[in-house]
Amino acid sequence: MTRRRTTLLALGVLLVLLSLVSMAAGRVWVPLSDWLNPGDPRWSIIFELRLPRTILAIAVGAALGMAGAAMQGYTRNPLADPGALGVSSMGALGAVLTLYLGAGAADPWVITAFAMLGALVAVFLLLALSGRASSIVTFVLAGVILQTMAGAGVALALSLAPNPWAVNEIVNWLMGSLADRSMPEVQTALPLIAVGCGLLLAIGRSLDALTLGETGARSLGVNMVAVRWMLALGVALTAGASVAVTGVIGFVGLIVPHLLRPLVGAQPGGLLGPSALGGAVLVLAADIAVRLTPAAGEVKLGVAMAVLGGPFFFALLLSLRRRIA
Amino acid sequence: MSRLHAQDVRVRLGGKPVVDGVTAAFESGTVTAILGPNGAGKSTLLACLAGLRRPQSGRVDLDRDDVLAMAPRARARRVGVLPQTQEVAWAVEARILVGLGRTPFIGSSGLSIEDAAAIDRAMAAAGVVELGDRDVTTLSGGERGRVLIARALAGEPEWLLADEPLTGLDPGHQLDAGELFRTLAHDQGKGVIVTLHDLSLAARIADRIIVMAAGKVLADGPPAEALSPEVMARAYGVRARVIQGEGGPLIEIVGRGG
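Chains as they are written, first to last, in our numbering: chain A, 1 to 325; chain B, 1 to 258.
Chain B on its own, in the form it takes in the complex:
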């Protein structure tokens, strides 16, 4: 059981508050989705949780340790991050790219047998085994996204913090990835925090939803509670209603205005 705890985290960028006093505790074994309109501060909050950005005030603790005070390598072993930019600078094979996820474990002797096994497991879990030999720069955006998910899994971290991991995936692979996050959390006891834009998808895969707007937490709870029409109106400025679909709740955006 692990706990990631943000306490009154504040980040200002260019004089404007981007994350404005967020307090939230995350437990492992749970999939948490962070939602909110563009510029709500989702990615910045995620970077603070990952220990990649120093907030102007407030702190983030992983169990008993301040994430910013942890040794970068030790932190990287426990907290896996999937950045929003799908940047891949060089034309390397997918398997080599996934192997970069082992960076916090690799000593001077290169990839060990355990490293290779972890890479195999990650590629199988993300369903990209057949892309192993392909040059990543020639893959489609969705294929590349799945290879990058495998890259984040290769370190087998306790925590997976993913910034819009489902963007660019087709509906089938979105479901697969969502299912993968649930398996990681529910069966393997990992903590999963993802930022998403698709409300229905979030309602379907997340155990808990945090809705942010203008750097503040607007709602925090199970999907049925957090995705209420009132919250949608305040966060996005849209009229929405929740329909019980066959596979889970559907959020229909009826129109503009609250």
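This is chain A alone, in the form it adopts within the complex:
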């Protein structure tokens, strides 16, 4: 219990510190003393560029961390993650398809709605494809199928796109980034992510009971149909809204719960809150690192997470190999 508290406290302190750094750091460093002077030109850098960017990093990180922890709890599978299993990619496909809607697509709500719809379809396909037994192998295979389908769909949509300028824009967005986000995007994503997280937190105890398997959980009075719906909607809202504003940022939900399990306990319900906190810290730290990387253009956050997460996924699979075999 004490180790859990220490971990949560440390993550909380880290989040506050990183938020301050995130407001100050970038190509233009803004010392804290300038924050209260609205006349300074750097004031607008802080409040019009870095504040929304920081809020989005925290919100998206929390959303992806919690979505990963919830999917792992439901499937009893430590490899479940919206990014790795194609949920984010299907969300991206949904968003890319708005390209063909014409003028209506300019509205961020349309993109967000389509991204969430894509993610929702993905979660249901994932649950349907992996079946009741939800063995680790079938589950990962189902994720691979979804990932491939989404990738092919995005490629097709892009190759048939009406204009090359839009294609360039979309490819950039697909790579996942928090650069140049503004307050309207925060206003779109934040409420949806909050509702999604609320839904996932509400099934925490049911996820705990699922430690005993589906029969065990049902015998303890858990309504599996309700849990499945709340999980699907919760993941669609959190992962879908995240994809809509930042593009695909993978591996957060894979890395964070795995690192936190030894520190805060493996109970899936008790892992939801800490995973949100850990996800926020990870994405915020990664975004600061990306901003400070000396390069001609900024390295995309999604690319940076993939570089970090790929080997991690690999190591996790190796450590699980004995269990699967």
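For the record, the hints were derived by calculation from the structure and aren't laboratory data. Beta carbons: idealized from backbone N, C-alpha and C, even for Gly.
Below, a sample of chain A positions facing chain B; criterion: calculated Cβ distance under 8 Å: (1) Asp208; (2) Ala209; (3) Gly216; (4) Leu220; (5) Asn223.
Assemble chain B onto chain A, guided by the hints.
Then chain B, alone, in the frame of chain A:
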């Protein structure tokens, strides 16, 4: 006094009848063992009794209520189930696992003092107090089985429906668990229904034995009556004889064939 009543319960799986018209009434205060060869329909019948499986026809009533019509949480408080699979998905401490048995009682505020007391009683009854801090995934199969028995007791249900709870336990702990089931039924007035494979053990711990074969009830009565050589021959296709041992009746399997 509580009563669990199955009326003409039928379940078909893949076109094949698994439970084929079972009618049986169970009274609290009694240990009932359901026996039968592999595929006889024991586990499926138990799932129907627990309200976890909807039979194609027939019904199961707990006192006056259809178990399938009861609110899942309310049913879970009254009927405890110990599934056959000893599945534990995450590396949690034994005490936390036992605490999952309180799920039907836990509100938004988490485990209460009563919950903690019930967990303590369950762990003491199942003899797993000293395993409390251990990671369940590192326990042996038998130790895990006992922790899962404690988990089923933690809800302190009126009914305990256990699917092969003694499999994997050593002889000493099998006796302990059997004794625990008898105490629950005889001293605490609970209803206990267990499926078993060990005939002698069943004869020793059960007040009543139901022998199933091919989804039907072949025999139903006190051990001496239900475990007759004729029933053994029809149910399992073996020649058996009953020996009066020092601790209770022993069923010796003499050989194949009826």
